[in-house]
Amino acid sequence: MHWRLPRLRKSGAMIVLWLTVTVPVWAHHGGLGIEGDIVEWSLKVDQWQQEALTNGHRVKFLAYPRNAIAHRTTRLVFEVQSVATGRYVGGLTAEVIIRTPQGDEHVLAASETAGVTAYYEVPFAFPATGEHAITFRAHANGQELSAFFIQHASANPLFGDWTTMIGNGAILAAFMVTWIGAVLALQRRLLSVVD
Amino acid sequence: MRLFVEYFSTLVHLLGLLMLAGGHLWLALSAGKAERSRFDYGQRFLIEFLPTLSTLFGVGILLLFFSGLAKLLLWYEPGFIFLPLPYGWILLSKLILYVAIVVNGILIERWHLSRLMKLGLPEGSDPVGIELTHTWGAVQRQARLNFVLIMIVVALGETLRFAKM
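Protein chains in written order, with my numbering: chain A, -19 to 175; chain B, 3 to 167.
Think of the hints as simulated: they come from the structure by calculation, not from any bench.
The reader is advised that the hints may include incorrect statements.
[Claimed, not checked] Which residues of chain B face chain A? A few of them, derived with a C-beta cut under 10 Å, are:
1. PHE51
2. PRO53
3. PHE68
4. GLY90
5. ARG112
6. MET119
All residues carry an ideal CB built from backbone N, CA and C; glycine is no exception.
Could you build all of it, start to finish, from the sequences and the hints given here?
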């Protein structure tokens, strides 16, 4: 039996060495879903939701809150950047055209946010639920910039898009198990006092 | 007010974490030590102390849940957990693990803890019975599983600090 131990140790060490060498290859071929360092991966993400290219300019868009609710004010924020130079383009006179699912159009002036170059913002309460077509329009160096985005508006905060549903479901599940756990724990303690 | 709620809920969250994660760590270390001991005093002490420990864990869970909820309400947006940002996915993983931890805790308390209480500790120098040892072993196994899950949740919580919203 004793003579086997060194051999076992040796083969164990060989397996560990082999795993050390081959694991990066396995990881590269997937299974993890996230490539690289998770912290690095998290930091790469920015908050812009959509972007469009128009006449050599990149127009980015975000709605705050991200999941717009009908009849509640949502901030629509745009950023304009030159693709060639990477410079942010401020001082534009911009307008935003919002077309509702029913076909009504609203034209609003998007003023540049004070103190933040190239940020153009307009507050808007979506009058109906469904997908709204949003067009950002401005002129830069004699060229027309026209970028098109889609923003969904939900009827209420509970049943919006899938992200809202999953979020609410997760919170509800956490609340339910906490509640059930608390009730059962109290029941056990109170019943043991009664007994 | 906003700042106060943020600060206070963070403080309560840490306190809950101390009770739940710290309590599990202490239990795991003490159980390991008791297992290695030639005498059963440690084991007896831990079995006797389990109901108090279970209450401590329960209070820790409640503190963690309500302080976490307070933070989510403070930074509210529809869907609460900021999906589909990476922050939201990490938070969702945290919540799923939280549910697993609580369910495991409920199972420990309903099945094993009640069983241990019913069996009771033998008097004086009488040896601990096989059934009691078996149930105590099951408690330890499930508590260790919970400890691992809690540590993963703690790691995810730390990752959230680096995830942009």
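ask   = Broken hints, numbered, in rising order?
value = 1
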